[in-house]
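When you get a sec, could you build the whole thing from the sequences and use the hints?
First to last, the protein sequences are chains A, B and C. In terms of our numbering, the first sequence has 42 at position 42, counting the first letter as 1, and numbering is strictly consecutive. In terms of our numbering, the second sequence has 187 at position 187, counting the first letter as 1, and numbering is strictly consecutive. In terms of our numbering, the third sequence has 5 at position 5, counting the first letter as 1, and numbering is strictly consecutive.
There's no promise every hint is true.
Result set (SDA-like, lysine to any residue): computed pairs, CA atoms no more than 20 Å apart in a straight line [claimed, not checked]:
#1 B:52 <-> A:3
#2 C:127 <-> C:26
#3 A:96 <-> B:49
#4 B:104 <-> B:116
#5 C:78 <-> C:53
#6 A:13 <-> C:72
#7 A:13 <-> C:100
#8 C:78 <-> A:56
#9 B:52 <-> A:1
#10 C:66 <-> C:88
#11 B:179 <-> B:164
#12 C:66 <-> C:45
#13 C:78 <-> C:98
#14 C:66 <-> A:74
#15 C:66 <-> A:18
#16 B:179 <-> C:72
#17 B:59 <-> B:116
Computed Cβ-Cβ distance ranges for the label pairs, DEER-style [to be verified]:
#18 C:35 <-> B:111: 25 to 35 Å
#19 C:149 <-> B:72: 40 to 50 Å
#20 B:66 <-> A:95: 47 to 57 Å
#21 C:48 <-> A:96: 29 to 39 Å
Hints listed in this document are in silico derivations from the structure and should not be mistaken for laboratory results. Beta carbons are placed, not taken as given, at the ideal position from N, Cα and C, and that holds for glycine.
Residue-level listing of the chains:
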Amino acid sequence: MMLGRVQVPPTVKRGEPFEVRVLVQHPMETGFRRDLDGQAIPINIVDTLSARLDGREIFSAEFGSGMSANPYVVFYATARASGEIVVEWSDDRGEKGRVATVVTVA
Amino acid sequence: MLYLTPLLAWAQSPQPAKGGVQFQSADVRAMQADEFGNPGMLWVERGATLWKAPRGAAKASCESCHADGAQSMKGVAVRYPAYDANLGRVVDLEQRINACVTGKQRDAALAYESQELLALTAYVARQSRGMPVAARVDGPASATYERGRTLYFERQGQLNLACTHCHDANWGRTLLAEKVSQGQPVDWPAYRLEWQSLASIARRLRACYFGVRAEQPAFGSDDLLALQLYLAKRAQGLVSSAPGVRR
Amino acid sequence: MKRRRFLAAGVALAGLPAAAQRFQPPQDITPLLMKITGGVAAESRGVEVELPQIAENGNSVPLRIKVTSPMTEADHVKAIHVFAERNPRPLVASFHLGPQAGRAEIATRVRLAGTQTVTVLAELSGKRFLMGPAYVLVTAAACLDESLL
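Have a look at this one:
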C-alpha cells in the first residue's frame, strides 16, 4: 500500500467550499531518466486518483508523467453533513493507495 | 599552504550565519514550512511506522528500546556527527542507526539513500526540529574535526576550488541563476527538487565534489565524515527545521 | 504574493541566451486541445493560472488554477486540463470536478521541461470551453536536465 496523506480544515460550514489537500509518496518515474550505467529507468507513475465523500465521488484526476514526484493536489469540496472523505489512487503497475479523514460540519 | 594560515585562524561560520533555506526561492521556502505539503514529511511518517516495526533476528523494534521516539530522540540528530565510544570512531546519524540495526536488531545494514534509512533518519532528525546544531569536536573527535577543517580549505577537482571559495568568500552571490549558500548542513536530510527525493547530507556533499569535478568520497568514508563534522561545528547554533526542502 | 502571468508566449524570451532554449522546442498543442473540445472554440477568459515568474527547478513548480464559475448544477466546471507545450508529453493532468466542489480551483506541483507557456483548458457544462495561459521561466528543466548524483 502506497503512503499518502489527506488534510481538511478542523471544521467546515455546511455547504461552504473547503480545501482538501492530498500528498502521495511516489517517484513518478518519467521513463526519461537514465541510471548511472546509461540505462533508461522504466516509467512508473500514479495515473489515477479519486476522492469520495460518504461514498459519492467528489473529485477525480488523471495524471501524466508531467506531475511532480510525490504528487500533491488541492481541490475543493462542500459537505451538507459530517462524513468521511476517502482518497484512493493507483499507479501504472497496479499498486494502490488509500487514505481517509473525517470532515466535521460545525 | 602558508597563504591559508590567516584563513585557518578565522575558521568560523560566516556572519550572520544562515541556513540553506534562506538561499532558496520563496516557493521552496514555503514548501519547507508547509507542515502538510513538505514532501520530506512522507519519509518522517514512514520512519514513524518503521520505528515500531520489529526488525531482524532479534525481532526488536526501535520502540522496544527507545520507547516513544518523539521524546527519546529529542536533541539527538543535532549532536551528529558524533564520536561513538562503542564503535571507536566518529559516525553520522545514518551509521549510528545502522549500529542498532546490525547490533541490537541483528539485521543487515541499511544502505545510504535506501528508502528505509532515509525514513528512519528523517524521523529522528524531525525530533530535533527547533533545536540548535550542537556537535562536539573535543577529545576523541578532535582529530576527525581537524581533518575536516583541512579538507574544507583544500583545493580540489578540475575546477581547483576549496569549499571556502564559494561558501565563505561568495555566499549570497548568484552563480548560474542560483544563490550560493553558506554550506550549512542544517535541515538535512532534505527533500531536494533536483533529485525528487529526500536525501542525506552525505549525498549532498558528494554532489558538491561532483560540482568541482573532483572524485566523490564514498558514503561513510573517513574524509566525508570528517567534512560533515567540520561543517556541523561551523553550523553551531543554527536551528534545525529538518526535513528541509532544497531546489 | 500573487504571481499571475497572462503573457503570450515569446514576449519574455528576449533576455535569455540561445543556449538556454536548446532543449525541446514548444509544440503546437492545438490538436491535443481539439481532442477535448471536439472543435468547439475555447474562449480566452475566466481561467486564472498562477505560476511563479521563475521556477527554481522544473521538477516541482507550484501551479494554482482558478476558473470563474457559479458551480451550480446548470453552470459548472466539469474538468480542468493542464498542457505544457514544451514537455515531452504535453498533457500534464486532467482534473474532474462537479457542482458539489463549490469552487473550481486546483493547486498542484508540475514538472516543466524548460521555459514555456502553460495552457489550462476548462471544460464547462453545456459543452463550453474556457482557456488561459501562463508563462514561466524555468532554469533547470524537468525530464531532460536530470542529475542523479
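Enumerated hints in conflict with the structure, sorted upward: 2, 5, 10, 16, 18, 19 and 20
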